[in-house]
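There are 2 protein chains.
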Amino acid sequence: MMKCKKCGIKASVNMRHHKMALCKEHYLEWIPEQTERFIKKYEMFKREEKILVAVSGGKDSLSLWDILIRLGYQADGVYLGLGIDGGVEYSHESQKLTEQFAQQRNLKLHIVDVEKEYGQSIPMLAEKTHRGYGKPCSVCGLAKRHEMNRIARDLGYDVLATGHNLDDEAAVLFGNTLSWEGTYLQRQSPVLAESNGLARKVKPLCRFYERDMAAYAMLSGIEYIYEECPFSVGSTSIYYKEMLNQLENQRPGAKLTFYLRFLEAKNSGLFAQPIAVEFATHLCQKCGQPTSAPDLCSFCRMIEKVSLEN
Amino acid sequence: MMKCKKCGIKASVNMRHHKMALCKEHYLEWIPEQTERFIKKYEMFKREEKILVAVSGGKDSLSLWDILIRLGYQADGVYLGLGIDGGVEYSHESQKLTEQFAQQRNLKLHIVDVEKEYGQSIPMLAEKTHRGYGKPCSVCGLAKRHEMNRIARDLGYDVLATGHNLDDEAAVLFGNTLSWEGTYLQRQSPVLAESNGLARKVKPLCRFYERDMAAYAMLSGIEYIYEECPFSVGSTSIYYKEMLNQLENQRPGAKLTFYLRFLEAKNSGLFAQPIAVEFATHLCQKCGQPTSAPDLCSFCRMIEKVSLEN
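Taken in sequence, the protein lines are chains A and B. Sequential numbering from 4 applies to the first sequence in the numbering used here. Sequential numbering from 4 applies to the second sequence in the numbering used here.
Everything labelled a hint here was simulated from the structure, so no lab data went into it. Hints may contain errors.
One copy or any two copies: either way a pair holds, since identical chains are not told apart in the list.
Said to hold, decoys possible - Within a straight-line C-alpha distance of at most 30 Å, the following computed BS3-like cross-link-like pairs (lysine-lysine) qualify:
#1 Lys-22 to Lys-138
#2 Lys-22 to Lys-244
#3 Lys-119 to Lys-138
#4 Lys-44 to Lys-22
#5 Lys-53 to Lys-43
#6 Lys-99 to Lys-131
#7 Lys-99 to Lys-244
#8 Lys-269 to Lys-244
#9 Lys-99 to Lys-111
#10 Lys-8 to Lys-27
#11 Lys-269 to Lys-49
For clarity, every value in this text was computed on a predicted model and none was experimentally measured.
Take the sequences, apply the hints, and build the full model.
Listed below in structure tokens is the structure:
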């Protein structure tokens with residue numbers, strides 16, 4: 004029988020990568036403690052700052068919100084209605100679970116519906132723009148970034164927090180490394196500083212394995228949407244996650260080492276300072292967000308194009 | 004039927020990663036042409052320089068020697084007798100094939116036997132030093148580097164050429180990337196400049212897939228040792244090669260892209276200049292090779308230690 008490292012009773016979660024097992028009670032203490040440690044270590048935010056958590060209804064973002072509240076931070080949520088409805092009514096179900104989570108805990112939740120706001124759901128935008136070869140993932144990413152930035156700014160939040168876990172971050176890093184995307188490698192970080200009027204972005208869960216977050220959500224009784232987005236099937240990031248899981252199986256801890264050593268190497272100056280390309284010297288004439296284009300940002304250009312065609 | 008891109012007859016080799024198939028005749032022209040291109044592109048050596056090829060009896064190093072001779076370079080060979088004899092009498096067989104190759108082509112081959120030179124074979128050194136946890140790979144690498152450097156210097160060669168192919172280089176890069184080994188990442192290159200009296204080191208085959216080199220050796224009738232070193236079974240580098248092969252199967256060309264984009268990124272300044280750590284400020288008191296230790300280099304220290312214990 005695997006025993007809890009802290010109290011010796013039967014363990015609920017065994018983390019091979021940390022060579023540590025914990026019982027339910029101590030696990031539910033340990034995860035927030037660790038999160039607090041990462042928040043401080045990477046200087047993500049201070050207690051007096053207003054945090055906006057991007058919640059999707061999945062285990063990671065709901066757990067993140069739960070943890071930040073437990074830790075006593077001022078964290079509101081924002082849910083983006085994407086209008087994605089596979090066989091499971093994905094968007095509908097995830098919104099319902101997010102609302103229920105907020106109500107039960109008496110938390111403030113902002114809801115933005117992309118279709119109501121712009122007349123087009125994500126699948127509609129994807130189809131009309133032919134971006135992403137039939138998969139709306141690139142349109143969805145663009146819309147999410149744009150809307151999250153907009154809401155954080157309009158509502159005066161200091162920080163935008165997302166639920167990306169280690170598996171997410173390691174997969175992104177793996178992809179950027181396989182193609183040696185210098186700019187992305189130089190930028191990938193648990194914290195992106197505020198710039199050009201966009202809120203600071205932070206990833207407080209970036210050092211937790213996906214399965215550890217699933218255990219946290221389950222043990223703390225959070226009801227979340229189990230299904231992955233129906234469009235994610237066969238995506239490159241899932242393929243990279245599988246490869247990293249192979250490595251992890253072979254050598255427990257490999258995924259964490261890969262990510263942490265990258266952060267350390269970056270910190271100790273492995274990469275040259277990025278050449279100061281002026282990515283975003285203009286402000287979008289429609290939404291006011293920074294952009295490299297002289298008139299409209301990519302999102303507003305997309306919306307305008309689709310609207311004109313209708 | 005797959006047709007040769009150059010002449011339209013039935014192709015012998017299909018390279019999915021290059022979207023190109025070639026017949027035997029044109030393949031045996033293409034590989035040396037490409038090698039010449041890489042030699043020039045990476046400024047490996049000039050026609051008047053004296054090249055020493057490190058030959059093991061395997062397909063890569065014998066093919067490299069064959070190609071350099073075809074291209075008209077002055078290339079002699081050096082074979083290092085390691086005393087590794089698994090079920091196939093590995094070292095014995097590979098030496099025989101190397102000697103036969105040189106004799107048939109009337110080439111100059113230097114043979115150095117580690118046991119005759121130092122009283123110990125590689126497996127004996129590995130056992131006595133307890134390096135490498137039962138696998139002599141680290142001892143073998145140390146001995147090879149030391150001896151190749153010594154022979155190139157003593158016999159006045161300008162350049163030491165090794166048969167590392169793309170699969171080898173990509174696997175090393177993959178390992179260094181997974182652990183973000185800054186110094187190794189900054190150093191990995193098709194050419195290592197001469198320094199401290201050590202000959203320049205070059206890898207003219209670094210852009211060829213392993214299977215393309217196997218095809219070259221086979222089609223040009225080179226007899227080489229098929230067996231891998233018996234100690235390589237289960238090595239990390241073989242594991243990395245398998246992972247990269249998975250990626251390659253999914254996306255033909257991925258392995259080459261990974262390696263080439265790395266070289267490009269490095270060239271365009273992705274990495275900061277390595278901090279000028281003075282790795283090798285001393286010369287070994289026994290062999291005269293550069294070392295970071297104040298008295299003996301790692302190899303001479305190992306030999307001395309083992310000799311004292313006898």
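Verification of the hints:
{"no.": "1", "hint": "Lys-22 to Lys-138", "result": "between (39 Å within a copy, 26 Å between copies)"}
{"no.": "2", "hint": "Lys-22 to Lys-244", "result": "both (22 Å within a copy, 28 Å between copies)"}
{"no.": "3", "hint": "Lys-119 to Lys-138", "result": "within (22 Å within a copy, 65 Å between copies)"}
{"no.": "4", "hint": "Lys-44 to Lys-22", "result": "within (22 Å within a copy, 48 Å between copies)"}
{"no.": "5", "hint": "Lys-53 to Lys-43", "result": "within (16 Å within a copy, 58 Å between copies)"}
{"no.": "6", "hint": "Lys-99 to Lys-131", "result": "within (28 Å within a copy, 67 Å between copies)"}
{"no.": "7", "hint": "Lys-99 to Lys-244", "result": "within (28 Å within a copy, 46 Å between copies)"}
{"no.": "8", "hint": "Lys-269 to Lys-244", "result": "both (22 Å within a copy, 26 Å between copies)"}
{"no.": "9", "hint": "Lys-99 to Lys-111", "result": "within (15 Å within a copy, 78 Å between copies)"}
{"no.": "10", "hint": "Lys-8 to Lys-27", "result": "within (12 Å within a copy, 65 Å between copies)"}
{"no.": "11", "hint": "Lys-269 to Lys-49", "result": "within (24 Å within a copy, 37 Å between copies)"}
Against the hints set out earlier in the document, no violation occurs for any number.
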